[in-house]
Structure formats: structure tokens, C-alpha cells
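S.K.: Those protein sequences? They're chains R and C, same order as listed. With my numbering as the guide, the letters of the first sequence map in order to residues 915 to 1356. With my numbering as the guide, the letters of the second sequence map in order to residues 4 to 284.
The reader is advised that the hints may include incorrect statements.
[To be verified] Just a few of them, taken from the derived set where beta-carbon distance is under 7 angstroms, the chain C residues facing chain R:
no. : residue
1   : 49
2   : 50
3   : 53
4   : 66
5   : 71
6   : 72
7   : 98
8   : 121
9   : 124
10  : 125
11  : 178
In case anyone wonders, no lab produced these hints; they're calculated from the structure. Since the model is a prediction, treat every value here as computed from it, not as a measurement. Even glycine gets a Cβ: it sits at the ideal position worked out from N, Cα and C.
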Amino acid sequence: MNQTAKTYKDIILNTLGTFGGSNSRQLAGAVGADRNVPPPSATELPYGGTYIPEVLLPSLQEIAAAFDHFKFDEGFLADFADTLRTFSGRPTAFTPLPRLSAEFGGAQIFLKNEGLNHTGAHKITHCIGQILLAQRLGKQRIIAETGAGQHGYATAAVCARFGLDCTVYMGKKDYERQRPNVYWMELLGTKVVAVKEGSQTLNDAVIAAFKDWVANPDSYYLLGSAVGPHPYPAMNTFFQKVVGEEIRQQCIETTGRLPDYCVACVGGGSNAMGMFFDFLDEEQVQLVGVEAGGHGTQPGEHAAKLRDGKRGIFEGYHSYFLQDGDGNIAATHSVSAGLDYCGVSPILAYLADEGRVKFETANDEAALSAVKKLAQTEGIIPALESAHAFAYAFELAAGLTKDKIVVVNASGRGEKDLFITMRHFQEENLKAYAQHLLQHQK
Amino acid sequence: MVNQRSKLPLMAHLVLGYPTLAESLRTAAQYIVAGVEILELQIPFSHPTADGPVITAACQEATRLGVSVSDCIEAIRGLHAQFPEQEIMVMSYLNRIYTFGFQEFVTEMKTIGVRHLIIPDLPVDSRAAEDLRDLTISKKSGLSNLNLVPVLAANTPDPRVEKLLAMGFDFFYLMSDFKITGSGFSLHPRLKAIIQKIRAHPSTNLPAVALTKEGHHSTNHPRIGIGFGISTPEQALKVVEDADVAIIGSALIQAQNAGKLTEYLESLRQAFNNQQFETKH
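Next comes chain C alone, as it looks inside the complex (with noise of 0.2 angstroms):
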């Protein structure tokens, strides 16, 4: 059987407001049409603590424009109505959401239709994130859960693994190797070993909607995004021999920032669609 396809399995992700949030949007558009699986839009912070120069510059020029957290989510309400299919990852520092208020903010993605939100300076498990897990699960019916995401790295322990895997996440990002992003490629050893964690953990409380996805494992299992350093296409086909998507960023801006983003998006789809091509054979 033709393993056809229909996403390319990459998040690729945006600063939203870089290098204007109307150009930011039109690169989102851009990522769309390309078809990758989940758009991971990111809300610009002045000082974005965990990540490489490439995605801290985009962000203090947003930020030096004036985008807003509001700016924010009338843009991504606008995409999700154009493209109302597509699986979307809002990502923020903590202390923008805190400002707008985290039952706003929750309550915003929720109705606009966004399945993801990661924040990487809250750990998942801390009380602040628990409040916020229970903001995120709709009662009204008509709106969807909103979910979030746990950034793991080699060095989390295997009963945290373990906790976070029994709290029912549905979509783990894990951090190539100890680093800061947009740095070289390498893939830590230990990281199979929590990937196998995750593979055989029994999620039946996961809904099955959306996670179909052929050519890789059952369909009940949470997600896995590996992220970090990763810029060529050899490195995603590497990632997504383990994950079930390859995260992209800086390579991406760098990448518009020389006009080159639809040559290096095509390039992208290339090599998965060759590599679907090897694996007929």
C-alpha cells in the first residue's frame, strides 16, 4: 500500500508579529499550504529565556513593534477561520498570559478552536499549571479542550515520565539534547528510551479524533514532537524515525529572514515525499 500522506510531519513553528504580524501571517498561510501537520505560533516576549538568538531577535523586534497578546489572538482567530482544519500550537512565556489573565487567555484559545498551548517556563505539574489544566477542559459544550503541552528532555527522570504520561497529556515535546534553540543537531541517547516510555503507555482516556495518523503506531498514544536544532531536511526525516513530528524554528526564520523560505519548504517536502518513495520499495 501507497503510504500517502496527506501532512508533512513537521511543526513549524512562527513568531507572530515578526517580521509584521501581516507577514506572519502570510508565512503561516505559507506553512499551511505546504502541509505541515501542527503551526506552532508563538506569542513574542521581550525576553524569551529559553530560546537561541535567532527566535529571541524575532521576538524583541515584535515586541519593539508593539504586537499585543490581543494583536495575537485576533491573528490566530483570523488563520483558524481561513484554515479551519489546521491543527494549531500557541506557544508563550508565562508572564504574557499571566498579564492578560490566564482564565482570559484560556478561555480565548478555547473558543477560537486551538488544541495546544505550551508555555515553557511552567512546569506542567506545578500548581499554576494545574489551575490552568482545569481552565483548559471545556463544560460548555461547542467548545474544545484546550491541551498542554510538556517539554521533556533527556534528563527527566523515568518517574516523572511516568507522572506526567499518567496526567493524560496528549501531545509530548521533547528537546533533542541539552541546548538552547536554534543550535547544531544531535539527538540525545537516552531520549528512545523515554520515547518507548511514552509509546507503551496505555492512553484509553486520549480521544482517538485527530490522532489517526498512517504510518505510525496505534492511534491512542499521546503524541511526539522532537524540537531543538534542527535545520535540514535529513535531520527531520532522522527526528521522525522515533517522533511523530519534527519542530522547526529558527532554520525557518533564518530561512525567510534570506528569502528563501519556499525554496527551503519545498526542499522539506521533498525529502519526505522521496522517502515515501524508499519505503514502497
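Here chain R stands alone, though its shape is the one from the complex (with noise of 0.2 angstroms):
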């Protein structure tokens, strides 16, 4: 058991998705039951891989080949976990949550507090990563999408701190609606572009971010999920479990022993994967993972890819996706920008498909009661995105004896989602602050 496990951390730097990608004897096995084909071994994993088009291959393969040598380098990382202290704050708290582990009267629930970060979330870990890279490639523009605007806020902060260019794509429904992040990027000195085409949410913010660099191939795209062609899924895993490391040490110093359960909520997967990678081969840890089940399970209500998606290949990488049977992308939708996306980190699809991290879902309205819960029994805010890992930790913690710890992922705080919440919990407060500021400008 424990040699199998071991392979995990293994396979996912060094394997998982190289250039070749999977041959289409994996692809075509991957499909569909009728087809009688082997699972591929665990060493010709069949997600990830390079499906790009061609202009692009030469931008990929640089930072495929800076991520190689550098993650070994010693004077990089020193400058990476220098940047993560200084910059961003880490580590970041671990914190007990005494008052709602009594009211459920399970499992000791904890909560990884990655709000604290500079600019809000887990995202800046990754941008600090990368941007450090941009810079000894001599980059002197940066593209990057957002979703909920946590990754386009911080990609906008660490471009102003090393002195770069910056242009975010984000869907045009996210702009409007995660107005406050828009307002920040663009404080920063970043152009934002809010994108018109499809549904206007992410899939159509990485969509815009790559014609950019097939406009500008000499600009470094600092993609912000662990989602994309080799090298980003691998590389932002790389830089994200950070996260991971810091709960094992946190959670030895407060109880004496590692955790029995991780959640996460997963969008594309970077907190996610930045949580669960440090314990992969410890399987006494249960990862789980919580997709966003919107506002009912038909297409286009939801965004729950391990649940309900097929597998394909998009926005280049090999994955699970929401789509049709025909291979057209679906519609998604979830309360959080930055869960409402169509695809899945090829890690955590081939980790689903072991059955090493477990999947749930939670609907709009958990996530919106768990914000209010843990701000009104604990003081914490969080955004809408990790609140729903809480409402499913919730649920987990009550069924679970007084023994037992559950970790979660507060992948990022809630100030961002003040229109969103404001409107669901206080909509008159939030006309009148309207009508306030309309007066106040004539």
C-alpha cells in the first residue's frame, strides 16, 4: 500500500501530462465503456498533456523548461519562500473553531485561514511562484485570467511589484458582478478586459487570455488555475503546496497529529490541490473535494465536473468537462465566480479516478448559510468559493465522533463578495447604500 501511495507525489511533478500527452489509444479507452481498453498504467497517466495550437509551443516549452530547472534551484526557492513571508504574510493562521465544533458536537473542526494572504486568497502563492519565474526569463508583459478576480487581483499586485505590464481577461459576468476586484486590478495599474463572448465567466476569460499570446507570444501568460497545458497543472500544484506543508506542521503543533480530513473547494483546483498534494501518500488523510452544485443538477445549473462531466480535451489540457454529447462545451453556473468553470486540474482527475480524493457537491444556498455560520459563530468571513467547503465540512464534522479533525480550506476571505452577500442578506441595506452614493455624486 504504502508503495503504491508513495508514487502519487511522484507521478504528479515528473509524469503528469509531459509534452507527449496520452496517445489516443488512452484517449479513445478514456471515452467510453464500449471500447475495451486497458486503463492506462500509472506511469502513462491519460490526463494532462499539450493541446495547443502551434504558435504557442515555443512560449510553453520556455516556461516548461525554466519550472524544470528552477524547482531544483536553491537560490529560486529561497527567493520564493523569502517573497511568500515578505509579501504575502506566510504562513498563514491555523485556527481552531471551538464554538461551531461544540454546536455540530462531532469532529474538531479547523480552518486554514488562506484569506490572510496579501490581496485576499491562496492565488497570490502561485503568482509570486511564476512571476519569479517571468522575471528570470526576462518577460516583460503578463496576461492572466480571473474568475471570482482573486487571481487577476494578485497577478495585478505582483506585476506592480516587479515592475511589469499587466492585461486580465475576465468574463463579462464576473466583471459585474466581482466589481470590487475590478476596481482593485485596476488601482494596481492593470488593464482589465471584460470579455463579451459565450457565457462571459472564466472559460471564456482563458479563452481571450490565450488569443492574446497567440497575438503575443513573447508575453509570459501567468495562467491561474492548476488547470491549462503541462507545465501550469503541475507547476501551480508545485508552488501551491506550500499550503499543505504549512497545515502538517500547523496541525502536529495544535493536536499532536495530522489531520483525518482536508476539504477543499474545487473550481479548477489550485487550493485544492495546494492543500491535499503534502498528504497524497499519507491515505490515513482523507482529501476531500467540494464542487459547486449551483442551483440544480440539469446543464447550465452547475458546475460539478467530477459528478456529472465527461472526459475531453480543452483549453489544452486532457480533463474532466462539463459538455454535450456531441463534444461542445457546457454552460456553468455557480453563486462563485470562481468555481463557475467548465473543466477540472487533470491532477485531481486522475486522483479522483484512484479514488484518492472523494468529491461532493454544494448548492448555492449552503454556501451562502455557511458564510453567514462561520462569520456569526466564528468572526471569519469567507469568500463564496471556500464556503462551500465549509457547508460540506459542516455536514462531515456532525457525523463524525469528538475524536476525529476535519481541516478546512479557507481558500480565500469574503470581502470580495460584498454585492453578492449584501444582496442576499441585507438587499434593502444594500438600495438605500445605492441610492446614497447615486445622490452623494449629483
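Reassemble the complex: the two chains are provided individually, in unrelated frames, and hints are given to aid placement.
M.R.: Spelled out as C-alpha cells, the structure:
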């Protein structure tokens, strides 16, 4: 058992999604049960790959080569650790939730407060890693996509900090619903482009960013999740794994042992991979990813890729995607912009197939309720994305014995959701405030 | 000698199913009758990651109408039956072929007699593409080969151009510059060097059949098409100074949307005819 488990980290960082990608027999085998192809071996993964236009190949190969070099470079790693500490404020707090734990009467719940990072979420961690890489490659211009705006905000901050030009693509729907983050990005000197194509969410922002990159292959595309072509899934996992490493140390210091459960929300999968990676080889630590259940189970009403998605190849990688039966990508919905995405990390697709990570869903209402519960019982306002993890974790903890330890990743803080949560909880106050602003303007 | 071209040195692109499947087939017939050398038929995809706004909108409209991969295959079969001599290139993003089944899709293409398959999000030397290439070579008599088409750009390094040349592709699609489809026209200065490299390559393993074309180079070299951002007849003429065909997509859709497709095709035909007149003297 231990020998099998031992390979997870190796596989993910060293084998997953190399440039060859999967061969078509593996792909064909992955599509339907009627095609009787044996499952791929552990070293020949069916997920990941580099399915991109030829024009982007030199840029991706350059980034992959730089990552392969610098991930072993002591100077680079010291610079990374130092910037995480001095610019982002790592390590982030590991907080017991005694009142909630008592109220549910089950497991002891702990919160990893990634929202305490500079710019308010875990996203800045891979942004710092990638900007240090871009700097070493001599890049002058950065492109990024963003959903909730957290990755865009973090990218804008590191670009300002390192003096690089920055353009962020954001679906128009997200641009409207995450307006505070748009403002912060612009204040930091970033150009924010509202993407009007398609469903006007994260998916469309990714495509717009890729199109910019095709037109400007000398720019650096700072992709913001554990998705996309190689090396992004492995690279962002590598930078984010510090989250799990901190949890390990903090949990042992606080409780004397490892957690029984680690729970994280899953959009693309960067915060989940950050939390899970360090525990992959210890099977006593159960890993749970929580996807957006939205407001229904019909196509277009949710973003539960690992529940309802089919294997596909899109945006450069092979994984599970929400799509119709004929290969067209489906619309998604979530109250949280950061989870409102059609695909999922190829690494999580692999870990789901392996059964190493279990997947659950929490719907819009449950996430909103979890925001309020956590705020009023423990004094912490999580991002709507992270609230999905709490919604599930509360149920989970209630059914466990008191000796169990559940750690939940608060991947971001909830200030950015002001206008969404306020509309939900205090619509009258929101209207009054909007009227006040308009009158004041006159 | 009068250079009598039977074909216009153009690859004319359309999105199957836009604005409707029937209308796209009528458009295809119009291209063929106008004499385009290659007809490029794009299978619509909900999220065409490498296309500009015009082709993206056409794809989204066609997918909204529910045009399936099977619908497209039947449409291509019908066109080929009607115009058996017309050289056809099929273009599709990978996910639609993957979902349909690589083997099934390739078999359909070969059975129909489609000559070229272009998959913009699949590097032609990736493992998946290598296996796909195995499928494209016909062992059964009576079926033609299907050729994958590499898309090169000005930043494709020399060793990679050489590697792809050595793989024996019979057609290279060159991006005019760093841009998406339907952008303004420009030709990247490095294209000339890439073209020279392709022209200089001795491709003895290429079939001479159907590659014969007067006014252009010897027959056994891979052909070259240049696309992205070509809209006027003058730009098309400029492109075929170096390439075998100019590839036009967004501009044709725009002409069609404006109800001026016949006039636009006529302007292209006249430009090429006039050029032949000039070169005679």
C-alpha cells in the first residue's frame, strides 16, 4: 500500500502531462465503456498534455524548461519562500473553530486561513512563483485570466511589485459581479478586459487570454489554476503545495497529529491541490473536494465536473469537462465566480479515478448559509468559493466522533463578495447605500 | 505560354452549419464553382479557441442550431459525391473528434475521400497525433490517405520545421503573423525563410498525383498555404507570390453576412485573371 501511495507525488510532479500527452489509444479507452481498452498504467497518465496551437508551443516549452530547472534551484526557492513571507504574509493562520465544533457536536474543525494572504486568497502563492519565473525569463508583459478576480488581483499586485505590464481578461458577467476586484486591479495599474463572448465567465476569459498570447507569444501567460496545458497544472501545484506543508506542521503543533479529513472547494483545483498535495502519500488523511452544486442538477445549473462531466480535451488539457454528448462545452453556473468553470485540474481527474480524492457538491444556498454561519459563530467571513467547502465540512463533522480532526481550507476571504452577499442578506441596505451614493454624486 | 490556371490559388473556408447546414452547403458549392483550389470545411465547436470573432460567432450559431459531427460528415459526403474532383480539407477542434472517436472519424474521412485534416489544437508530433497519423494511412485498397496538416508560425524554430518536414506532410499551413483569424493583414518577415526551407526539402516520398500545378515549383514538394487576416484580392495576390494558396475565412463569412458573397468571389477571380494577363507580358 505504502509503495503505491508513495508514487502519487512523483507521478504528479514528474510524469503528468509531459509534452507528448496521452496517446490516442488511451484517449479512446477513456471515452466510453464500449471501447475495451485496459486502463492506463500509473506512469502513462491519460490526463494533462499540451493540446494547443503550434504557435504557442515555443512559449510553453520555454516556461516548462524554466520550471524544470528552477524547481530544483536553491536560490530560486529561497527567493520564493522569502517573497511569500515578506510580501504575502506566510505562513497563514491555522485556526481552531471551537464554537462551531461544539455546536455540531462531532469532529474538531480547524480552518486554514488562506484569506489572510496579501490580496485575500491563496492565488498570490502561485502568482509569486510564476512572476519570479517570468522575471528570470526576462518577460516584460504578463497576461492572465480571472474568474472571481482573486487570481487577477494577485497577478496585478505581483506585476506592480516587480514592475511588469499586466493585462487581465475577465468574463463580463464576472466583471459585473466581482466589481471590487476589478477596481483593485485597475488601481494597481493593470488593464482589465471584460470578455463579452460566450457565457462571459472564467472559461471565456481563459480563451481570450490564450488568443492574446497567440498574438503576443513573447508575453508570459500567468495562468491561475491547476488547469491548462503542461506545465501549468504541475507548476501551480508545486507552488501551492506550501499550503498543505503549513497545515501539516500547524496541525501537528496544535493537535499532535495529522488531520483525518482535509476539505477544499474545487473550481479549477489550485487551492485543493495546494492543500492535498503534501498528504497524498498518507492514506489515513482523507481528502475531499467540494464542487459547486449551483441551483440544480440540469446542464447549465451547476459546475460539478467530477459528478457530471465527461472526459474531453479543451483549453490545452485532457480532463473531465461539462459538455454535451457531441463534444461541445456546456454552460456552467455557480453563485461563486471562482467555481463557475467547465473543467477541472487533470491532476484531480487522475486522483478522482484513483479514488484518492473524494468529490462532493454544495449548492448556492448552502454556500451562502455557510458564509453567515462562519461569520457569526467564529468571526471569519470566507469567500463564497471557500464557503462550499465549509457547507460540506459542517455536515461531515456533525456525523463524526469528537476525536476526529477536520481541516477546511478557507482559500479566500469574503470581502470581494460584498455586493453578492449583501444582496442576499440585506437587500434593503444595499439599495439604500446605492441610492446614497447616487445622490452624493449629484 | 499562357498560364491557364484551371483553379484559383485559394483555400476557401466555411463553417458547416452556418447560417444553416443547407445554406453552408450552397456556399460550398458556390466556392467550388468559382474555382477555389481547396475547400476548407470547419466542423463547428462551441468554443473555438484559436479563431477570431467572425468565425467564433459562426461556430456558436451553428452549435446553437445543434449541428452534430454526424451531420457534418453526411454533409461532406454529399458534397464529395456532387463534386468528386474537389480537394477538401476538414478542420475541427480536437474535442469534437475525440468525443466522436478518433478511429471512427478518420475512417469516415478516408471513406469519403477527404484529403486533409487540420486540428488547430493538436501539435502534429504529439503522441495522440502520431497515433492519429497511423489511422490516416490506408492499408485497404480503394481508400485514400488522409493527411494531417501542420500549422506553422513565424516562431516555429528551424529544427522543428526540419523535423516536421522529415515527417512527410504534404501541406503546410502558415500563420501570416502572430494573430487570430480575421485580424488585420501582415506577413511576418520570417515566413520567407520558413517557405524557402520547405521548398528546398526533397520530399521524394510524396505522391506526385494532384500536386501538379502550373506556375509553381516542382511537383514533389509539400504545398504551402498562408492564412489569418487575408481579406482583399490584393492581399491574396501578395500571399501567392510565395505560397501555393491564400487561405480566406473570416472575410468570406463577412461577405456572406453582408449578402455580397458573389461579388466578393468575383473580385478575387478577376484579380487572379488580371495577374495572369500581366505576367504574360
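S.K.: Indicate, hint by hint, whether the structure satisfies it.
M.R.: Hints, one by one, checked against the model:
The interface hint given for residue 49 of chain C is met, as the beta carbon of that residue sits about 4 angstroms from the closest beta carbon of chain R, less than 7 angstroms. Taking 7 angstroms as the C-beta contact cut-off toward chain R, the hint placing residue 50 of chain C at the interface holds, the least distance being around 5 angstroms. The criterion of a C-beta within 7 angstroms of any C-beta in chain R is met by residue 53 of chain C, whose closest approach is roughly 5 angstroms, and the hint holds. Among the interface hints, the one on residue 66 of chain C holds; its C-beta lies about 5 angstroms from the nearest C-beta in chain R, closer than the 7 angstroms criterion.
Interface restraint check: residue 71 of chain C against chain R, minimum CB-CB distance 5 angstroms, threshold 7 angstroms, status holds. The interface hint given for residue 72 of chain C holds, since its Cβ lies 6 angstroms from the closest Cβ of chain R, which is under the 7 angstroms cut-off. Below 7 angstroms, beta-carbon pairs count as interface contacts, and residue 98 of chain C has one with chain R at about 5 angstroms; its hint therefore holds. The interface hint given for residue 121 of chain C is broken, as the beta carbon of that residue sits about 11 angstroms from the closest beta carbon of chain R, more than 7 angstroms.
Of the supplied interface hints, the one on residue 124 of chain C holds, with its beta-carbon coming within about 5 angstroms of a beta-carbon of chain R, less than 7 angstroms. With a cut of 7 angstroms, the hint placing residue 125 of chain C at the interface with chain R holds, because the nearest CB-to-CB distance is about 6 angstroms. For residue 178 of chain C, the interface hint holds, the least distance from its beta-carbon to any beta-carbon of chain R being 6 angstroms, beneath 7 angstroms.
Checked against the numbered hints listed earlier, the structure breaks hint 8 alone; every other hint is satisfied.
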